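Chains as they are written, first to last, in my numbering: chain A, 152 to 366; chain E, 16 to 113.
If you're looking for bench data, these hints aren't it; they were derived computationally from the structure. Computed from a prediction, not measured in an experiment: that's the story for all the values here. It is possible that some hints are incorrect.
As the list claims (entries may be wrong) - Now the stretches of chain E that chain A is said to cover, found in silico as 3 or more residues with beta-carbon under 8 Å:
hint, stretch
1, 17-23
2, 38-48
3, 101-111
As the list claims (entries may be wrong) - Where chain E lies over chain A, by a calculated footprint (3+ residues, C-beta under 8 Å):
hint, stretch
4, 190-200
5, 217-227
6, 243-254
7, 315-327
8, 332-342
9, 353-362
Unchecked claim - With a cut-off of at most 25 Å between alpha-carbon atoms, the simulated DSS-like pairs for lysine-lysine come out as follows:
hint, chain 1, residue 1, chain 2, residue 2
10, A, Lys236, A, Lys344
11, A, Lys273, A, Lys344
12, E, Lys50, A, Lys236
13, A, Lys226, A, Lys255
14, A, Lys182, E, Lys71
15, A, Lys344, E, Lys67
16, A, Lys236, A, Lys182
17, A, Lys236, A, Lys226
18, A, Lys256, A, Lys344
19, E, Lys50, A, Lys330
20, E, Lys50, A, Lys273
21, E, Lys67, A, Lys236
22, A, Lys344, E, Lys71
23, A, Lys330, A, Lys255
24, A, Lys273, A, Lys330
25, A, Lys344, A, Lys255
26, A, Lys273, A, Lys256
27, A, Lys182, A, Lys256
Yeah, the Cβ is synthetic: ideal placement off N, Cα and C, and Gly gets one too.
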Amino acid sequence: MDSARTSSSVGPAQPDLAVLSDEQTLVADLKAGDPAAYERLVRVYGGRMLQVARRFLDEEDARDALQEALVSAWKSIDRFDGQSKVSTWLHRIVVNASLMRLRKKNTKIEKATEALEPLLPKYLEDGHRADPGSGWTETPEQLLGRQEVRALVRRSILDLPESYRTVLLLRDIEGLSGKETAEAMDLTVSAVKVRLHRARQALREILADHLAEGA
Amino acid sequence: MMTCEQFIDHLLDFDEGDLPSETDRLCREHSALCKQCADYLDSYQKTVAVGKAAFKSDSHGSEPAADTVDNQRPSAMESYELPEELVQSILTAAGAVR
């Protein structure tokens, strides 16, 4: 296998003729049923796609979801129309496979709501906040420049109650629209919005303990 | 005037420009007059921004940059190379073993 060539095929977001050519060759070989092309697909994209599945699932389920997704991709390659990058197409398949596994686990939403409640803002009877806290002085760029902050953000997102974490991952990390997220999770668009807002507020509260002025 | 609770309830739509114009105006007015809520909005927006960026290196596009994986080489859990036994399992499941 040509690792130098294949690793370049998942590279920068900027248009790159070599990358496009690599992807076209890979897809053509896959559509021709070439097992070597499938192995190339698994080795080149599998690692990153496993990272995606791990955001939703524990290690064992993530590996199973990845396997289901990649087998499904192999079997449905004829439906890939080449309008998106291979990585984008695979990403969607992996997210869907991960969500199907999550649904099978049938998490109790009520428990998740209870777990999130302490992280939401509290209000006085007149509608003012009971716990205003202080502002954050650093910019997002400054915050992300600190490795411990990046690690904290990732850890905090993954620690959110499952139903909230999934909505936040789908909307803010995986880039699905509200409608797409609603369809993927079998929720209404407004329910997605409520969960996303609560998840962001909870994440803000967790981060505030570390990032607010004087924290 | 809008209360802090109402302002924060509308925050997601306000931030995304999805509010009806009158509600949007009330939110802007509240944010201009209430420093606590202006700070909350600022930290909410920063939370969204850092959340979106924190996983960026391992999703759609590029390989992880050296400075984006918790200040160290990827651990076994964060490796971008699949374990060989998983590769073989996937190839076998697809009937694509050469």
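Structure-based check of all given hints:
no.: 1; hint: 17-23; in the structure: holds (count 5)
no.: 2; hint: 38-48; in the structure: violated (count 0)
no.: 3; hint: 101-111; in the structure: holds (count 8)
no.: 4; hint: 190-200; in the structure: holds (count 6)
no.: 5; hint: 217-227; in the structure: holds (count 6)
no.: 6; hint: 243-254; in the structure: violated (count 0)
no.: 7; hint: 315-327; in the structure: holds (count 5)
no.: 8; hint: 332-342; in the structure: violated (count 0)
no.: 9; hint: 353-362; in the structure: holds (count 5)
no.: 10; hint: A/Lys236 to A/Lys344; in the structure: violated, 28 Å
no.: 11; hint: A/Lys273 to A/Lys344; in the structure: holds, 20 Å
no.: 12; hint: E/Lys50 to A/Lys236; in the structure: violated, 44 Å
no.: 13; hint: A/Lys226 to A/Lys255; in the structure: holds, 23 Å
no.: 14; hint: A/Lys182 to E/Lys71; in the structure: violated, 30 Å
no.: 15; hint: A/Lys344 to E/Lys67; in the structure: holds, 16 Å
no.: 16; hint: A/Lys236 to A/Lys182; in the structure: holds, 15 Å
no.: 17; hint: A/Lys236 to A/Lys226; in the structure: holds, 18 Å
no.: 18; hint: A/Lys256 to A/Lys344; in the structure: holds, 23 Å
no.: 19; hint: E/Lys50 to A/Lys330; in the structure: violated, 34 Å
no.: 20; hint: E/Lys50 to A/Lys273; in the structure: holds, 17 Å
no.: 21; hint: E/Lys67 to A/Lys236; in the structure: holds, 20 Å
no.: 22; hint: A/Lys344 to E/Lys71; in the structure: holds, 22 Å
no.: 23; hint: A/Lys330 to A/Lys255; in the structure: holds, 22 Å
no.: 24; hint: A/Lys273 to A/Lys330; in the structure: violated, 30 Å
no.: 25; hint: A/Lys344 to A/Lys255; in the structure: holds, 23 Å
no.: 26; hint: A/Lys273 to A/Lys256; in the structure: violated, 32 Å
no.: 27; hint: A/Lys182 to A/Lys256; in the structure: violated, 34 Å
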